[in-house]
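A.B. asks: Chains as they are written, first to last, in our numbering: chain D, 837 to 1107; chain X, 837 to 1107; chain C, 837 to 1107; chain E, 837 to 1107.
Hints listed in this document are in silico derivations from the structure and should not be mistaken for laboratory results.
For every residue, glycine included, the Cβ atom is placed at its ideal position computed from N, Cα and C.
Errors might be hidden in some of the hints.
For the chain X half of the interface with chain C, some residues (derived, Cβ under 7 Å), not all of them [said to hold, decoys possible]: (1) Met886; (2) Gly889; (3) Pro1029; (4) Phe1078.
Computed spacing ranges between beta-carbons, pair by pair [said to hold, decoys possible]: (5) C:Gln944 x D:Ala1041: 49 to 59 Å; (6) C:Trp1006 x E:Ile1045: 51 to 61 Å; (7) C:Leu1033 x D:Asn979: 51 to 61 Å; (8) D:Leu1033 x C:Thr959: 50 to 60 Å; (9) D:Gly969 x C:Lys1065: 41 to 51 Å; (10) D:Pro990 x X:Ile1045: 54 to 64 Å; (11) D:Tyr841 x X:Phe1048: 27 to 37 Å; (12) X:Asn1104 x D:Leu1033: 22 to 32 Å; (13) C:Trp1006 x X:Asn968: 52 to 62 Å.
There are 4 protein chains.
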Amino acid sequence: MSELYQLSKAGKLCVPAMNVNDSVTKQKFDNLYCCRESILDGLKRTTDIMFGGKQVVVCGYGEVGKGCCTALKALGAIVCITEIDPICALQACMDGFRVVKLSEVIRQMDVVITCTGNKNVVTREQLDRMKNGCIVCNMGHSNTEIDVASLRSPELTWERVRSQVDHIIWPDGKRVVLLAEGRLLNLSCSTVPTFVLSITATTQALALIELFNAPEGRYKQDVYLLPKKMDEYVASLHLPNFDAHLTELSDEQAKYMGLNKNGPFKPNYYR
Amino acid sequence: MSELYQLSKAGKLCVPAMNVNDSVTKQKFDNLYCCRESILDGLKRTTDIMFGGKQVVVCGYGEVGKGCCTALKALGAIVCITEIDPICALQACMDGFRVVKLSEVIRQMDVVITCTGNKNVVTREQLDRMKNGCIVCNMGHSNTEIDVASLRSPELTWERVRSQVDHIIWPDGKRVVLLAEGRLLNLSCSTVPTFVLSITATTQALALIELFNAPEGRYKQDVYLLPKKMDEYVASLHLPNFDAHLTELSDEQAKYMGLNKNGPFKPNYYR
Amino acid sequence: MSELYQLSKAGKLCVPAMNVNDSVTKQKFDNLYCCRESILDGLKRTTDIMFGGKQVVVCGYGEVGKGCCTALKALGAIVCITEIDPICALQACMDGFRVVKLSEVIRQMDVVITCTGNKNVVTREQLDRMKNGCIVCNMGHSNTEIDVASLRSPELTWERVRSQVDHIIWPDGKRVVLLAEGRLLNLSCSTVPTFVLSITATTQALALIELFNAPEGRYKQDVYLLPKKMDEYVASLHLPNFDAHLTELSDEQAKYMGLNKNGPFKPNYYR
Amino acid sequence: MSELYQLSKAGKLCVPAMNVNDSVTKQKFDNLYCCRESILDGLKRTTDIMFGGKQVVVCGYGEVGKGCCTALKALGAIVCITEIDPICALQACMDGFRVVKLSEVIRQMDVVITCTGNKNVVTREQLDRMKNGCIVCNMGHSNTEIDVASLRSPELTWERVRSQVDHIIWPDGKRVVLLAEGRLLNLSCSTVPTFVLSITATTQALALIELFNAPEGRYKQDVYLLPKKMDEYVASLHLPNFDAHLTELSDEQAKYMGLNKNGPFKPNYYR
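Throw the hints in and build the complete structure from the sequences for me.
C.D. replies: Structure follows, in structure tokens:
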């Protein structure tokens, strides 16, 4: 996505573009809801972990981090987080997670999970300080979050114990369990439910239809968020799966709220 | 807030205005985090309720509704919600709440809570169908959500059982427990922690300072969201209360992310 | 209860006695379910606390401690526990609570809660090390858990800030917030729902009826647990409140399980 | 286990036996803690399920049922339960689960899970009424809980879609997804963490040592529960994995409580 915005900023975007990724529905499903389940699935399929009582640090408390933290906490893990953004950090506090620097806690952790979108979030120095058996994996969108390259050095031995699972062995015998060589755990070691794919595909299709049908001049050579109403439409198409019954505004209520009875129901920035 | 936008739309706003209400930090504290606690507090101070096993319907799954639902579910209540907005409804599904129409469930409910911002969400007809002992209260921002006026009719008897608590008695002896005469429960029957007030006051003060200090021309006669960086600043000022330790970006990381090391860290629409 | 057992041991019990306190239903309601709600209620009524992000230590992870921990964690507090019993300690681990010694964490805590049944669980030395504003209260069944007597000494100033709330002020100005002078918070600063009282009263009444009606020789001068079947009967009498529908065993199923269709359904030690 | 008790009742047990299965530590790990994780793992490995918003009925609210319900609810499923035992049913209510008869809800369910230990809990008639795509599986200890035999009839087509997963196809095209042919999901489609095995093996080993070392006459030809103190010892051996620090009773405290400083700390029936 950010590439599109950079092209636009540089004046090099030659067609209108829709940032479907940041539509509320798609983002919540791709990140929060999907990762809430796949972090558990990915860890279970690859390791012998029992979640109860495990000390876990999650790097990044965005939607992916929130999903991972919720699931792990619910299953009895003791979770702390790292953040650069004070708003997300404060949310983590209010949700019951200690906000720490990675170096402060790295020695005690049983599991280290990255979901920042950044690079070198877990450094070789930190890998050196992990305890024996520590599991390291990446749920973020780049595979540079863990400095895996630094582990490919002669003093360390790599042992592939099963598909997607490497033991990195230090000279003193300490083993760190690296999953999917630092690539995305949710894609490498779990599956994405078709329900999530349906949300994504529907969002993309509607965005294309909108761009195709839009009267000339509505969209310029820029990047747009999906119109709120279409985002709501994607959601409404998926509600019958849950036998969910929406309430309709009465005329009087719509007038009182200053809303159209068919939406959109919220301002654009509402998530 | 919406009054400001209406003035602006009508071209009648004669100074720049800051919509502090929709800053992320203030909104989450005023609505989500504060109500998560005050719904429990308000109900406990006024009634004999035990939350475990109670059937509760929450009307509206915005930030206030999300806070109420989280708290009540955590204490063992069985919660369902009503919504007009398909995006919020889908979120409710994913969070484990059935999405229903009020009329479908009203007969079984032990507690009915409104947090929609709308009017006549609970009608006289629905009040007539509630079961004996049903508790009705409002956590939303208007006191028209419950049609209390319709209860002031000769066939019904009002009995004040204690401060903020009325029993409305039907001719057949059925009693509905109305809290705070339909006014805001969190303000009437609970307290707002000073921590929440501090977030609000800090946000307002910073907004005023920004408007006062801004170079001419930065703000016109319009309504603005608080700049992300100031929202982040409000959050960062409150982190020491939790002994939270923020991580700082390295130069390399900031460059990789295309971010200033001091923020803002997220796009404006990020919540 | 333990007095009865001591009398019995000493051969001084002159009538049969029923230990109603340890019936499953009564115990879960008096301790787990009731305290899960009253810990929140008691703290909210007496202090300005916001639970989110608060560091809390709960001393004792029995039924009362489990209730307190569940509720506080659910509302975003960061909770750790102390225990003497390895089985309860292991349960705390699996439920996601760090098991610590009080002295290790006392400096960082925002709230200290005792529920051990023991004495001097919080000592003067630990009170001396608490941080400014730390809240101390007792949910256990004795009021000796906090060494309150040690606080009645000339160098400390007591300031009653409202009913049930004392600030104990150290010479350097540090204030510790003592609730209910160390007596039971749930009884002093919260209310017991009538539903809990109904469970207790029903259990006691049935125990008396059983003792009165029992054929001679069934009960000797000893202490007995309530017969499982009567414990189940107490529960079944309270199920209609929740519109709960029990399943009945078919003849074939009852035979397969070796159970009477009307219970008891579990061995005596089952909780 | 129940076989041992039947032998004992019939006077046919020719050696002392230890019921290790009902030791607190082993039972909680084998049933509550292990199943809390394996229900998720088993469903994820075999199906495309997304837990959020799914309607699930769990038959039986013993330790296994409690584990399944906790995990599924935490991940956003909407869970109801069936029970024959009013005490367990009341616990389910207080934990936020509706207690229903299977026939009342079977049509709406997305997932049906048995954990009763009983037979024919899910009958052919109920299988006939399930909706298309409903997932059926067994977490209990017998594989007669689902009447699988009734599905092996000419009008139904079985289609093996992958290992451990059969689609049973009704003449009208409806498919029910049967996992592991009704055998235990946790053993067939998940893994048991070595930590759980360690608890079990340690318990068994200690029981054998106790029986071997016991002075003549301590144990007769009967079935015994593991002495509380050994149960506590098993727990204490596993605490270092969690870096858990037990508190020790002072002499004064031990005397006050009437306890030995080294345990046992609780009466035998305490769970």
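A.B. asks: Next, verify each hint and record whether it holds.
C.D. replies: How the hints compare with the structure:
Of the supplied interface hints, the one on Met886 of chain X holds, with its beta-carbon coming within about 4 Å of a beta-carbon of chain C, less than 7 Å. For Gly889 of chain X, the interface hint holds, since its Cβ comes within 7 Å of a Cβ in chain C; the closest pair sits about 4 Å apart. Interface hint status for Pro1029 of chain X: upheld, as the beta-carbon distance to the closest one in chain C is roughly 4 Å, under 7 Å. The criterion of a C-beta within 7 Å of any C-beta in chain C is met by Phe1078 of chain X, whose closest approach is roughly 4 Å, and the hint holds.
Taking the beta carbon of each, Gln944 of chain C and Ala1041 of chain D are about 52 Å apart, inside 49 to 59 Å as hinted. Taking 51 to 61 Å as the suggested C-beta distance range, the pair Trp1006 of chain C and Ile1045 of chain E conforms, at roughly 53 Å. Checked against the given bound of 51 to 61 Å, the beta carbons of Leu1033 of chain C and Asn979 of chain D, roughly 60 Å apart, stay inside it. Checked against the hint of 50 to 60 Å, the pair Leu1033 of chain D and Thr959 of chain C passes, with Cβ atoms roughly 59 Å apart.
Taken as a hint, the range 41 to 51 Å holds for the pair Gly969 of chain D and Lys1065 of chain C, whose Cβ atoms sit roughly 49 Å apart. Distance hint check: the CB atoms of Pro990 of chain D and Ile1045 of chain X are about 57 Å apart, consistent with the given range 54 to 64 Å. Under the hint 27 to 37 Å, the C-beta atoms of Tyr841 of chain D and Phe1048 of chain X, about 32 Å apart, fit the expected range. Asn1104 of chain X and Leu1033 of chain D have their C-beta atoms about 29 Å apart, which keeps the hinted 22 to 32 Å range intact.
Evaluation of the 52 to 62 Å hint for Trp1006 of chain C and Asn968 of chain X yields a pass: the beta carbon distance comes to about 53 Å.
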